[in-house]
Amino acid sequence: MNNPPRHPVSMVLAALGSLRLTVALLFLSMFLVFVGTLAQVNQGIWTVMEGYFRCWVAWLGGWCPFPGGKLLGTALIVNLLVSHTSRIRVQARGPRLLLGLAILSTGLALTWVIISHVFDVDSSEKVINPSKRVTLQLLQGGAAAAVLYVGCWLLFRRKAGIVLLHSGVVILMMSELYTSELAEEGTMTIFEGQSVNYVEDNRKAELAIIDASDPALDDVVVVPEKALRRGGAVRLEGLPFDVEVAPGRFLKNAGLAPLRGETNPATQGEGLRMMAQTRREASGVDTSGRVDLPAAYVTLKDRRTNSDLGTWLTSIQLTMERGAQIVRAGGKEYRLLLRFKRTYKPYSLFLTSFKFERYPGTDTPKDYSSYVKLDDAERGVTRDVRIWMNNPLRYRGDTLYQSSFDAATEKGTVLQVVDNQVWMAPYVACMVVAIGMLGQFLLHLFGFIQKLVTR
Amino acid sequence: MRPLSLIAILLLAACGRKEEVRHYKAPKDPVWRMLAAIVAGKDNTWFLKAVGPGDRIGRHKEEVLGYFRGVRFEDADLRWTLPTGWQEEQATANRQATLRFGDREPRLELTIVRLAGDGGGLPSNVNRWREQLGLDRASDAEVAVLLQKLEGATLDVKIVDLSGPNRPGTGTRPMMARPAEAPSPSPSDESPIAFDLPSGWKENPHPGQGRKMEFSAEGAEGSALVTLTAFSSDAGGIAANIDRWRTQVGLEPLGDQAVVRSATPMTFVGTEGWLVEAIGRERAILGVIAITPGASLFLKMDGPPAVVRAQQTAFARFAQSFRLRKQHE
Chain A
785 MNNPPRHPVS MVLAALGSLR LTVALLFLSM FLVFVGTLAQ VNQGIWTVME
835 GYFRCWVAWL GGWCPFPGGK LLGTALIVNL LVSHTSRIRV QARGPRLLLG
885 LAILSTGLAL TWVIISHVFD VDSSEKVINP SKRVTLQLLQ GGAAAAVLYV
935 GCWLLFRRKA GIVLLHSGVV ILMMSELYTS ELAEEGTMTI FEGQSVNYVE
985 DNRKAELAII DASDPALDDV VVVPEKALRR GGAVRLEGLP FDVEVAPGRF
1035 LKNAGLAPLR GETNPATQGE GLRMMAQTRR EASGVDTSGR VDLPAAYVTL
1085 KDRRTNSDLG TWLTSIQLTM ERGAQIVRAG GKEYRLLLRF KRTYKPYSLF
1135 LTSFKFERYP GTDTPKDYSS YVKLDDAERG VTRDVRIWMN NPLRYRGDTL
1185 YQSSFDAATE KGTVLQVVDN QVWMAPYVAC MVVAIGMLGQ FLLHLFGFIQ
1235 KLVTR
Chain B
75 MRPLSLIAIL LLAACGRKEE VRHYKAPKDP VWRMLAAIVA GKDNTWFLKA
125 VGPGDRIGRH KEEVLGYFRG VRFEDADLRW TLPTGWQEEQ ATANRQATLR
175 FGDREPRLEL TIVRLAGDGG GLPSNVNRWR EQLGLDRASD AEVAVLLQKL
225 EGATLDVKIV DLSGPNRPGT GTRPMMARPA EAPSPSPSDE SPIAFDLPSG
275 WKENPHPGQG RKMEFSAEGA EGSALVTLTA FSSDAGGIAA NIDRWRTQVG
325 LEPLGDQAVV RSATPMTFVG TEGWLVEAIG RERAILGVIA ITPGASLFLK
375 MDGPPAVVRA QQTAFARFAQ SFRLRKQHE
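From first to last, the protein sequence lines stand for chains A and B.
Just so you know, the first sequence maps onto residues 785 to 1239 in our numbering.
Just so you know, the second sequence maps onto residues 75 to 403 in our numbering.
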């Protein structure tokens, strides 16, 4: 007897939710992690993250296309959802179904609330012991997971644990997707007596053109590193000129060297005296913590006359050592500089003092703390805060960790500032997986004991 | 979650994060300001410097200028009356005094340093300060314009008001004041320090343990070893190190008087240093000690007295030639 022909949609769903696909995707993911790890011998960790994991297609060795981390992760989520939808059936009817749905909805709402860190008190208001804080976060996640498990038990009975632990995996993957797309990270460097309201991301550069003629505020136009790397002309609205980067004129990591008769693309500014020399990118296995210092030769073109305003050598090292270069156009002066990507915050931190303790008789750091004054004019907040190791300040969705300090003076602090709205998601996901596994284990254990008793 | 969008992430990811040209208004970058006064005496020159964030120094400018106007000479030394609310800290080997002022913590600092003679001259000092603030060097003519006579002052006081992006003492812009992320040197530019090696001296490319540089100076009676060492602390301070050297060559330690009696102030790698001479019967040491907050540098010549004496002028010139390497050097 022939089987009736299957509907095409069923066939597609069967393929998308197949266990073979799961195994294949996991195998491909493992291979990607393996080659991505090897790539860090020569490439920086963030270059590998962007080129292998946070992309749809990874170009292995620069030429071989391979599914990127984003594609594999999305495929795994789809595979998981489809396989669960097609294989796991709701085993409740009537009032039990309604109760199960209600409890599951409550659990989902609770999970959402916890990930949205509604329960997270602004840490600048009170100091919590780090171990207590982590325990509290895990307990919050555990509470949500417990409610979810009850809902799942009412709806899926013996498969409740399986549904729950896979949901935890989905939360974990979604949070990473969110982090890769929307989270921002940078450092805030403040010296004693100074107030700073921006963070710099030393993984990315930007070309800044600043009109500083207004005594109150600077008029800033920034071109992101992506546009510089892509090359070609970039239109700069609000400025009398556009910028153009010739192919290969953006260098991911470069030093500066004096000109000794070499030909240099620069026709203006500091580039008449020095040139950029490509350096090996700081690799993922580099333990010195060096960062790449990009450089770019940029050509400025007067938009009205289409005349060339010159090609300028811009480099982060140059900016650090000599500051901005001055470009004159349209009767105005503009400051031109390549700098690390800058993000302004709605609050500022004033460093009152930086304390650094060493282990006696050594140069080994024991503890360092930043005593800052948090100032948020928008919300009318002014508060003294201490930020020290394992005790970050959480404020307005940002987490500010004590990261480093100015070794030359020991009078300046470097804070790592992370803006990640879903930072609680991994805690919750771990507890959801744990409760799911525990539930499934106990179910089998009770079943086994019951069988023994019955015998 | 503020962006109510965990579910919409897939859509967002599909579109990819857009990084476009941005145009915005931003507050001006913080600047560091130095309000300095130079007072020339008969045998010494005094350098008085108030350094801090631009806005804070600006708020106290008149107060600082008022203090500068009131300085006077008594017994060939500079004296002053402390303005209300100011505090004076104990003198150190490097500084005649440190004054604290300002209405909020951390209080601003005004340092007073006395150097012998003209202290290296006005242009070189103004340019050293300009470099510390991240500004280009100025020509002598430009320095003459920058230096202004302070009206209403008891003495002949020259003042200079400088602002720049760097905090003096760090040598880097705030955005890079992170030790682990300092730019790596190019192979041809491994040392940040440049110097002029006296003729006849040889540099050892493989300095001994703990030494940054090592040289040898040959003489008829043997050779002297010249070393440069650096520490991330004051390494005991200037007086203790002078006495250590004195003891090594068989001289009596001088205690707290060591600095006053056996050291001459000089500029070393752009900072205040002390030239020390300890000549014993069988061994002699010439040295330069420079101590800044959190770091100290020691340049030392060690050898037979005859060799060291013969190299005394060359050593002093060698020490004076030490400077931070510029990009084009």
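It is worth saying that the hints were derived from the structure and are not from the lab.
It cannot be assumed that every hint is accurate.
BS3-like, lysine-lysine: derived pairs with alpha carbons at most 25 angstroms apart [stated by the list, open to error]:
id	chain 1	residue 1	chain 2	residue 2
1	A	K1129	B	K102
2	A	K1157	B	K116
3	A	K1116	B	K135
4	B	K102	A	K1116
5	B	K102	A	K988
6	B	K232	A	K1085
7	B	K102	A	K1125
8	A	K1125	A	K1139
9	B	K116	B	K232
Structure-based check of each hint:
1. A:K1129 / B:K102: holds (14 angstroms)
2. A:K1157 / B:K116: Distance of about 47 angstroms is beyond 25 angstroms: violated.
3. A:K1116 / B:K135: violated (30 angstroms)
4. B:K102 / A:K1116: holds (18 angstroms)
5. B:K102 / A:K988: holds (21 angstroms)
6. B:K232 / A:K1085: Answer violated: K232 of chain B to K1085 of chain A is near 45 angstroms, above 25 angstroms.
7. B:K102 / A:K1125: The hint holds at about 16 angstroms.
8. A:K1125 / A:K1139: violated (28 angstroms)
9. B:K116 / B:K232: holds (16 angstroms)
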